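So you can see what is in the structure, the chains are spelled out below.
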Amino acid sequence: AQKVTQAQTEISVVEKEDVTLDCVYETRDTTYYLFWYKQPPSGELVFLIRRNSFDEQNEISGRYSWNFQKSTSSFNFTITASQVVDSAVYFCALGRAGGGNKLTFGTGTQLKVEL
Amino acid sequence: DVKVTQSSRYLVKRTGEKVFLECVQDMDHENMFWYRQDPGLGLRLIYFSYDVKMKEKGDIPEGYSVSREKKERFSLILESASTNQTSMYLCASSHPDGRNQPQHFGDGTRLSIL
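These protein sequence lines are chains A and B, in that order.
Under our numbering, think of the first position of the first sequence as 56, with each following residue one higher.
Under our numbering, think of the first position of the second sequence as 551, with each following residue one higher.
Check each hint, because a few of them may be wrong.
[Claimed, not checked] EDC-like mimics (lysine to aspartate or glutamate), calculated; alpha carbons at most 16 Å apart, straight line: (1) Lys568/B to Glu612/B; (2) Lys553/B to Glu99/A; (3) Lys621/B to Asp657/B; (4) Lys58/A to Asp609/B; (5) Lys71/A to Glu169/A; (6) Lys568/B to Glu629/B; (7) Lys93/A to Asp657/B; (8) Lys621/B to Glu580/B; (9) Lys603/B to Glu619/B.
Think of the hints as simulated: they come from the structure by calculation, not from any bench.
All of these numbers come straight from a predicted model, not from anything done at the bench.
The whole structure should be built from the sequences, with the hints applied where relevant.
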């Protein structure tokens with residue numbers, strides 16, 4: 056069975072602080088995909104990143120970075136110098152290869168960035 | 551850009567009514583999905599479809615059915631709405647290439663059953 060755990064239900068930070076959102080996954084597959092989505096107050100989930108299980112290279116995109124560690128089954132997401140516009144619910148998700156693109160989502164982390 | 555459009559942002563219905571939620575995508579994607587989102591539970595898959603007239607149950611299909619008569623349209627049906635189906639419903643679509651391409655989501659429908 057596939058499972059994604061986002062233990063942080065809610066995080067509050069002050070603008071310009073760095074913040075890390077944790078994601079731990081469980082799967083028996085050797086090939087799998089990990090995702091992060093952002094859900095702003097408007098409701099639409101916005102795709103941020105997809106990673107396959109064979110690519111453990113960390114990725115940076117502007118103020119966003121992702122740390123994938125197979126040894127600890129984690130795929131953590133860091134926002135550097137957070138901004139109020141980063142306030143949203145962030146979901147981590149796990150997908151199988153060839154499984155019809157179905158995803159197993161975590162319960163989400165609500166990030167609040169205050170002035 | 552992929553556009554997934556859900557017919558209503560907010561919907562209020564009564565217990566026992568038959569409710570239709572519509573979703574249309576414009577990118578010719580084969581795969582389409584319906585999720586419900588509840589606080590503390592994340593997104594849970596209700597049904598998905600991998601082609602016209604093809605469907606597969608997700609994790610929580612009870613009380614729901616779906617219809618996919620055309621590739622671009624995927625409808626979720628609440629056969630006899632109940633108060634425990636009050637939720638946020640999200641539709642998504644994706645292209646199937648065996649490498650789990652990202653799903654693209656609509657804005658969601660907040661459904662209240664009174």
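Hint-by-hint comparison with the structure:
Taking the CA atoms of Lys568/B and Glu612/B, the gap is near 14 Å; set against the 16 Å cutoff, the hint holds. Note on Lys553/B and Glu99/A: the hinted pairing holds, with a Cα-Cα distance of about 11 Å set against a maximum of 16 Å. With a C-alpha separation of about 20 Å, the suggested pairing of Lys621/B with Asp657/B is violated against the 16 Å cut-off. In summary, the hint linking Lys58/A to Asp609/B is supported, as the alpha carbons are separated by about 13 Å, within the 16 Å threshold.
Simply put, Lys71/A and Glu169/A have alpha-carbon atoms about 9 Å apart, close enough for the 16 Å limit, and the pair holds. A C-alpha spacing of about 5 Å is found between Lys568/B and Glu629/B, which places the hinted pair at or below 16 Å, so the restraint holds. Distance check on the hinted pair: Lys93/A and Asp657/B sit about 12 Å apart at the alpha-carbon level, within 16 Å; holds. Taking the CA atoms of Lys621/B and Glu580/B, the gap is near 7 Å; set against the 16 Å cutoff, the hint holds.
With a CA separation close to 6 Å, the supplied pair Lys603/B and Glu619/B stays within the 16 Å bound.
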